[in-house]
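> Take the two lone chains, each set in its own frame, and fit them into one complex as the hints suggest.
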Amino acid sequence: KAGVTQTPRYLIKTRGQQVTLSCSPISGHRSVSWYQQTPGQGLQFLFEYFSETQRNKGNFPGRFSGRQFSNSRSEMNVSTLELGDSALYLCASNPSTGLGSYEQYFGPGTRLTVT
Amino acid sequence: GEDVEQSLFLSVREGDSSVINCTYTDSSSTYLYWYKQEPGAGLQLLTYIFSNMDMKQDQRLTVLLNKKDKHLSLRIADTQTGDSAIYFCAEYNYGQNFVFGPGTRLSVLP
Chain E
1 KAGVTQTPRY LIKTRGQQVT LSCSPISGHR SVSWYQQTPG QGLQFLFEYF SETQRNKGNF
61 PGRFSGRQFS NSRSEMNVST LELGDSALYL CASNPSTGLG SYEQYFGPGT RLTVT
Chain Z
1 GEDVEQSLFL SVREGDSSVI NCTYTDSSST YLYWYKQEPG AGLQLLTYIF SNMDMKQDQR
61 LTVLLNKKDK HLSLRIADTQ TGDSAIYFCA EYNYGQNFVF GPGTRLSVLP
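Each protein sequence line maps, in turn, to chains E and Z. Be aware that the first sequence starts at 1, since it is given in the working numbering, and climbs by one per residue. Be aware that the second sequence starts at 1, since it is given in the working numbering, and climbs by one per residue.
I should point out that these hints are in silico values taken from the structure, not numbers from a laboratory. Careful: at least some of the hints might be erroneous.
Straight-line distance between alpha carbons at most 20 Å, and here's what the computed SDA-like set of lysine to any residue pairs gives [to be verified]: (1) Z:K36 x E:R111; (2) Z:K70 x Z:N93; (3) Z:K56 x Z:V19; (4) E:K57 x Z:D26; (5) Z:K36 x E:Q37; (6) Z:K70 x E:Y102; (7) Z:K67 x E:Y102; (8) E:K57 x E:Y102.
Chain Z extracted, bound-state conformation (with noise of 0.2 Å):
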């Protein structure tokens, strides 16, 4: 079945950039989606890439995707401590479900 993977931690020091990374099996993954949690919170919609783009940018956000390599990255551009909260990966295919990685905990470090 379709598994989407993530490294569980990382940390960055403020005004830092933070790359963010993440794999997934499905090659027919028809779109990828970066969502945040914060404590306590419910997900929020950061970006998401079709999957016959390769990149998306967004204000301090940037989305790599590498269909080849089933590899797909975040990068946060001058990271605040507003950035610290869980950022999950997930992959969606028409007709199936939305398939989420475990998270990576960003810790902005003052």
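In isolation and in its complexed conformation, chain E is listed as follows (with noise of 0.2 Å):
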């Protein structure tokens, strides 16, 4: 089975420019999650999203959003970035029911810098 994919992998950004990310689950997977980590702040979940819908979302402001695909592919979208958000945005992929599921893997992330 191949992993989690992501891309692009890497990105260099303008203050006030917005961004899309993808990722693409492992197949079979339903669940894509999304963590922003920063040497300061460490490994900070963003949302997830599972059948379309998104389940759970973190402390992050609204500039911050994503969708997902009836195909299970997720995109993530900043807009009008900020220095701060110069991150690797990593997605995690998740066989998840509808209850939930303890197992997450991870793709090489998106390494994002703003300038």
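Rendered as structure tokens:
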């Protein structure tokens, strides 16, 4: 089985721009979670999608949004980029049933640099 | 809220055992995990333990769980230079988010 794929792997944007990151989960996995990883804050949970619905949300401003498609692929969007949004954005795939699942597998991440 | 703590650094000699420790606050955590992150990569799931277990062994890895003290440890036997990485402890309860610790940077000295 192919693992979790994330595109692009690297991205450089300017303050004020917006960005869209993509994640394709492991085949058959229905849940996708997104995390932001920075040296100062560590791994912080952004949101989780299951069957095209946001199931859980972390404590991030509304500039961070996401969605999930019927094939379970997910995108996250950050609008009006700030310097502090520079981070590694990780997507995690989960075979979740409706009750949740304890297995979570990560993609390689997208390194976003905001200048 | 939930919190997971780890020491930030650990250095060991090649061939020695490494023990990475973690404490958590959520007594209702159902699963506890160890992930490994190498430079420039995502997180790799190493092993996990269900909260009703005390120990789990998987080749060179041994996980010990002390639920009373909310303490989790990962022992790596015969540590190799390829084990140099950041190790994250995480907890999970159904219907909630995964909560990760800050990570322990393991350096293996030749």
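> Taking the numbered hints from earlier one at a time, note which ones the structure violates and give those numbers from smallest to largest.
none
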